[in-house]
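Participant: Spelled out, the chains give:
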Amino acid sequence: MANKKLYSLAALFKTPDEIINAAKKTTAAGYKKFDVNTPYPMHGMDRAMGMGQSKIGFVTLFFGLSGATFIFLFMWWCYAVSYNLVVGGKPFFAAPAFIPITFEITVLFGAISTVVGMIAVYFKLPDNAHPLHDTEYMKAVSADKYGLVIEAEDEKFDKAEVTEFLKKLGAYKIDSIYFPEPEKYRMFAPKFILFLIVVAALTSGLTYVTLNKLMYITPFDWMDYQSKLSAQEGSSIFANGEGMRPPVEGTIARGYMPYPYKGEANPTQVLSNPTIPTKPILDLGKRKFLTFCSPCHGNFGNGDSRLQGQFPSGPTLHSEKIINYPDGRIYHIITDGQNAMPSYARQITRDERWAIIDYIRVLQRAENAKESDLKLANKESVSNVQN
Amino acid sequence: MSKIESGYTKENLPLSVQKIGMILAGIGLVLGVAGFLVNSYRASYAYLVSYLFFLSIAVGSLFLVALEYAANADWSTPFRRISEFFAAALPLLLIFVIPLFFNTGKLFLWSHSSYIHSDSMLEAKSAYLNTPFFMVRVIVIILIWCAFYWLITKNSRKQDSVQDQLLTKRNITISVIFMPIFAVTITLIAVDWIMSLESKWFSTIFGVYLFAGVVWSSLAALTLTALILKGKGYLHSAIGKDHFYSLGTLMFAFTVFWGYIAFSQYMLVWYGNLPDETFWYMQRWDGGWKLISLLLIVTHFIVPFFGLLSYEAKTNFKRLKFMSIWILCVHFLDLYWLIIPSMSRTDHIYSFSWIDFVYPIFFVGILILVFNKMTEKTNLVPVGDPKLERGLNFHL
Amino acid sequence: MSIDYSKEITLVQGNLTMAELDNAIARPMDERPGKKYFIALAFTTSLLLLGIIGVSLTFYYGIGEWGNNQPVAWGWGITNFVFWVGIAHAGTLISAILYLLRQKWRTGISRFAEAMTIFAVICAGIFPIIHTGRPWLAGYLLPYPNSHHLWPNFISPLIWDVFAVSTYFIVSLMFWYTGLIPDFAVLRDRATSKIKKTVYSLFSLGWKFSNRDWRHYEKTYMILAGLATPLVLSVHSVVSFDFAAAILPGWHSTIFPPYFVAGAIFSGFAMVVTALIFMRKVFNLENVITMDHLDRMNKIILLTGSMVGYAYLMEFFISWYSGIPTEQYQAINRAFGEYAWGYWLTVACNAAFPQLFWFRKFRRSIPVMFFVVIMVNVGMWMERFVIIASSLHRDFLPSSWGYFRPTLVDFSILIGSFGLFFTLVLLFSRTLPVVTMSEIKAVVEGAQPSHHEGDHNG
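Chains as they are written, first to last, in the working numbering: chain C, -11 to 375; chain H, 265 to 660; chain A, 36 to 493.
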């Protein structure tokens, strides 16, 4: 092993007093690259080695306060800026309520930064390739002995001198520690390739199963499958296997009143006109009359149909018979139809039907006007203008 | 034992200490009486604040002595006597409560039967909040404290001459018994003297709040006195940086503890938002009191927290002295903030008055006089205590 | 029994050398476990299995499987959560707070206590997750940008809980791991099998016991202890805010934070003592975990139990003092209403039985100790349940009054949590060193140099 590079000389001691003394003497002798290894921290060793306090506390302080500031501002931003939500009557910037979380995050950031900083920065760990590992020296030092290591790279290092120095300090054993041989790894070793393939297969398989299968098994199925019947879904409860059923006999639409005289040719009772013939109602009646009734009954109800014989024309509305019809009878005819006239119930709403009836009465009165009506009409039109 | 003997000799404090004490007490007395003559209403409140400050140091010091025995601590043994001397002020509490007993009518609305009978809720409380029962409670509590003080310090003093470990064992027993009694009595003091100023307000944590302040200020008094005495060489020479570091750490811990208790109380009242409870804090947010409340947070928590955080801060004697004085002043501010707002019931009083600052002068003078008297009779260091050697050898 | 106050109590008895300590502590990991261990493990795993069944039923069928109803919408889920978080706190108190108070006697028990903390937090953390309707959506509790522009309700104490318990778990884990690094290194250097050596090398990160590293290590440990102490106080205070921030009589009380923290330490220490009574016997560690340790822990149990008793008195007194009818009713109802049986059991277990510990004889007697700590465990669980049920079951409107009865699923989940905890403890005892090897070696007689300088850097 002649071409092995010397890392250091390592001395072992049996008592705490010896190692403290050794550390002091080593510092005094001017060695800089040396270290002491003890199974547990020893009181007074820092001073003996000429070292001051560790500065890691500043890491904690910095990251702790940063964490506090960050999370406090974040919570303020969420509630006072991003989405103003009133919670329990508290103001948007509810400072007392933000304090607990701020404190927790301070501790969290402080602790994580300290530990990670300690391990990665100060210790420069993980480092299982250090020359001291796997030596008899390390085994002794981790159990119950105390050790001193002087590195070969120190300026004042001379193997014979240092050995003599360590013997004088009272070491019961002195070892030479060498750098480990650098390991060579072949890039394409078959075992390694196999390992990569297995890992790849395992990862992709697990990912696929997790994301596509596990995420959707009941009850993690995002309420995709629910007990209620959806539209067009079949169902085994019903005889014909259909989920969608027709409405039950007698079901009526909301707000719909059934017509009591449907199908009767000559009802003995009829509905009564609920409207008062005001101008808007008469205007409505006129519009609807001209739309629906005038093609067969003529523009003024005289029976002069525009259809010119293509369709049987309706009778005049000014006959004695029709003048004497109660309003409800005319309503029944519009609703149910009569002879050649079909039912207009689908085209004309109920209110419109009454409006038409009011207008028909106006037409009837106009066709059979008397002298006195003219005077009345003049008076009325004057008073209408005044109104 | 030679280490103990070589480091300490009993010396009386210089005459100047007694002079300072007498001057302060004298000025305080004259101005204090004047205060009562000028505005007895305001003076009653101001006197209550200072009286409770005096009580804090006295009973808090007794607590520290009992704590050391109960926890079997040794690092504080070398200067335990300082706390014992401050606790000697306990019997004086009985005398100095007299002006307050004469002014219960000005301080406590519940002492007026007309006020009680105007409200059914207060009538229900009058079984507890009535002047005779109140006075009996106060006197009994102070007497109990005096009894424990006498029992513990008697054994402690005896141990100087008769180095009998049995005395330590007895004191440990007495101290442990004292602890729960102290918890209940300090709570009653907090409820009776401070919480009942607003007889419709209540908070279950209030006893703990006062406890935090009492121990905090007693630690500061102990630290300040120890630093001054060590500087002049009256304490054992082996008392060093590490002892003061521990005292500083305790002061830091109680700073955080007070902050925790104060925040708990505030946040829960704020969160529940019940008018029954919030009005007390609203009083302390009214006008000029807003500034005092914010000042309290800064001076009672933020400054001592950062001021006592680092190792350097706790081992630098100048800084530690400054922080001790700071803590004592801020504890006074805390009591002021607790008590004075209740004074402005009908007319909101926002301004300071010279009367507010007169009584602390008197009571600090009294404390100095008491301390000085005790050093004449007893050793400043408990030379016979079996834990003393370990305490002197204490290192981090 | 005369005690010499001028001497410190020896922490490790029996004049053990460091090598003997190493062997004693590492033996459970080196040897094959015996029949007793497997029987114990089988027992605890079956309890755990019962819990898994209960949790699976809850997942599949929903919270209707529990006894929760209106008005008692919080039942055993929250009770168990607060109970386990409380137990966790003892561990941090032993390892962090006693470290800061420089109580060297903690070294024998700190590793075990920290492990208990982590296991108890795991048990506790299960409950907030399973008590929601769709626990697999728990990720929504954390803030992340989403299309609804919604953020978690930072104002709610329940979210504070999420942050507090997660932080507590992470910090405790790091604290525990930091303490384990030197021990892994010791095990690495003692290891004979290649697998063990690889695993220990990995986890020890290559620790080489260098004093340059110890310097930073000690400071970090102190900083973590200094951070963990207020953290422990804050976690159970935040848990208490779950109740105190509400306006229910019996819940809205300012003393809840310190009361809950004291109660947590109380119940945690009781659990630690319960476990250590067995642990020290089974692993022949009576010289390391001595009667003095148990004595001191029992003193702390007495202290914190008295604090809890103080809180009971304060609550009762202030309920009367406040003059508010609902507060007064609540106080009387708790003591004499439908849950009076629970209340008096609580008072007996928490305030009365620990008073036995005033007497040194009882503090040092294993049978008495065991009885008291079991009672404390029961009492502390019951206390949380009484707080929850007695305030909820008498709602403001009499038409809303109700009563809570636990279901079999409730029972199985509670039993399962104990199963999980003790299974983890048993597994821990055979895979990791139960006592901190490096710390315990540092407090053996003759471990530290004899000369102390006057002032040193510490």
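Since the hints were made in silico from the structure, they are not lab data.
Just so we're clear, the structure is a prediction, and the values are computed from it rather than from any experiment.
Heads up, the beta-carbon is just placed ideally off N, CA and C, and yes, glycines get one too.
Heads up, a few of these hints could be off.
[Claimed, not checked] Cβ pair distances, simulated, as ranges:
| hint | chain 1 | residue 1 | chain 2 | residue 2 | range |
| --- | --- | --- | --- | --- | --- |
| 1 | C | 50 | H | 365 | 54 to 60 Å |
| 2 | A | 50 | H | 426 | 48 to 54 Å |
| 3 | H | 426 | C | 124 | 47 to 53 Å |
| 4 | A | 50 | H | 422 | 25 to 31 Å |
| 5 | C | 209 | A | 62 | 49 to 55 Å |
| 6 | H | 408 | A | 41 | 29 to 35 Å |
Participant: Is it true that the C-beta distance of residue 408 of chain H to residue 41 of chain A lies inside 29 to 35 Å, as the hint says?
Facilitator: holds (32 Å)
Participant: Mind checking the hinted window 49 to 55 Å against the Cβ distance between residue 209 of chain C and residue 62 of chain A?
Facilitator: holds (50 Å)
Participant: Is 48 to 54 Å a correct range for the gap between the Cβ atoms of residue 50 of chain A and residue 426 of chain H?
Facilitator: Taking Cβ atoms as reference, residue 50 of chain A and residue 426 of chain H lie about 34 Å apart, which means the hint is violated.
Participant: Starting from the range 54 to 60 Å, see whether the pair residue 50 of chain C and residue 365 of chain H falls in it by beta-carbon distance.
Facilitator: holds (55 Å)
Participant: Between residue 50 of chain A and residue 422 of chain H, is the Cβ distance one that fits in 25 to 31 Å?
Facilitator: Given range 25 to 31 Å: violated, Cβ gap about 37 Å.
Participant: Is 47 to 53 Å right for how far apart the beta carbons of residue 426 of chain H and residue 124 of chain C are?
Facilitator: violated (58 Å)
When each numbered hint is compared with the structure, violations occur for hints 2, 3, 4.
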